[in-house]
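Enquirer: Below, each chain spelled out in residue letters.
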Amino acid sequence: MPVVRIPTVLRKHTDGAAKIEVSGSDVGEVLRGLVAAHPGLSEQLFDGDKVRGFINVYVEDEDIRYLDGLASPVGDDAEIALMPAVAGGAG
Amino acid sequence: MNAAAPVGSFCLDRVTWDRLVEHARSDHPYEVCGLLGLRPDGGFEHYLVPNAERSMTYYVMEPRALLRAMREIEDHGYGLAIYHSHTHTDAYPSQTDIQLAAYPDATYLIVTLQDWDRPDIRAFTIVDGEVREKLVVVRDRPVHAPDPVA
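If you read the sequences in order, they're chains X and H.
Numbers given in the working numbering equal positions in the first sequence, counted from 1, plus 9.
Numbers given in the working numbering equal positions in the second sequence, counted from 1, plus 1.
With the rest of the complex left out, here is chain H (with noise of 0.2 Å):
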């Protein structure tokens, strides 16, 4: 099932790139989790959320964070990006990911930390079952990227 062909596209700058790599080997070998709020201009606001089960292969974003997070995305408008890491397996939704899936509007990032030195994220959206891959497209300048918050 990893074999169809990317529909579509989600932009990512580098140094946002580099910060959910980042994140994600913060905590390994649990996984982490965090949104970012895509803004008009092309850049991002990003969410860390604490992973309530701090687990290495489940996560659930704790739920005061996740409702800040959230409120703050939808009052400005912005579009969604929901991701998360998997530490051993590579970046494809699992079944756990898909039967979760809540956000059909949102795109779905998992950075693989499966080979810790050439990390890895993949773009999906998820929409009643249906995974479809968007190709990531890494650009090197940033818009304007804020701090993440905590």
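Just chain X, with the same shape it has in the complex (with noise of 0.2 Å):
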């Protein structure tokens, strides 16, 4: 079952837990179930069916936006992983 890696800044959503397995066959999926089990973590992920725009999701470390967004297949063994971005500047 792929597993989603949450960073330490979500884990008060998780009570906790650091690595989560969620089943699915593509991001979306897995990430849907993730919140179904985590409700706590839906609006810091979602904005109605789309990830925000400051959260980094990653499987196997490549960023989901250089792949096929959500519906980037996953595999049985994959990893996902997400992350607030670090972004700012004078502005």
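No wet-lab data here; the hints were simulated from the structure.
Hints are all accurate, no fakes.
Chain H residues, not near chain X, derived (Cβ > 12 Å throughout):
#1 Trp18
#2 Gly43
#3 Arg119
#4 Arg133
#5 Asp148
Which bits of chain H does chain X cover? Going by a derived footprint, with three or more residues having C-beta under 8 Å, they are:
#6 49 to 61
#7 64 to 77
#8 82 to 88
A virtual CB, placed ideally from N, CA and C, is assigned to each residue, including glycine.
Assembly of the complex is requested from the two constituent chains, each provided in isolation within its own frame, with the hints serving as guidance.
Expert: In structure tokens:
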């Protein structure tokens, strides 16, 4: 089953869990399963049906923006990582 | 809003302070960014993260380099400091910095090159839009400062 790696900053929404197994054959399915099990993550990750712009999602360390987004396929032993973007600047 | 007195402190060694300034100068006038892993012994692991925007007024940490660095920091249980440079403004969080700050437990360091010959680094926490400054204390003796990871 695919594993989702939860960064420290989001673990307050997963009861402290750092890795969570979620079934699914693409990223969208896995993330929907994840937020169904941990509803507190929903607002952190999604804006409607889309992943929030400042959340990075990776499959095997590749940013899904460079894959097929939420439709990116995931294998049974895939690791999906989540990471809030780090951005800013003088503006 | 620059007037509030610092709350707490953030200790940097001189070598790391110099490396942050050197990094900021290396791509001037563009903003640079990176992470520091704060080791329990007081030393730092320094990760240079490319600015995916390569802009004079904006930075976005390149996602793959960010993941690699953050994963190492998390796997080691290090504390987290996030730094970037302001090349033409002072070392205080801009509205952009505040709005995009997603790491309430991190220390945000800003390196300013507004005065090229007198760079400065200031430290902050940014929690729910509230900025609190930490006094940067520079000590001369590094605990152990391995070369930065590019």
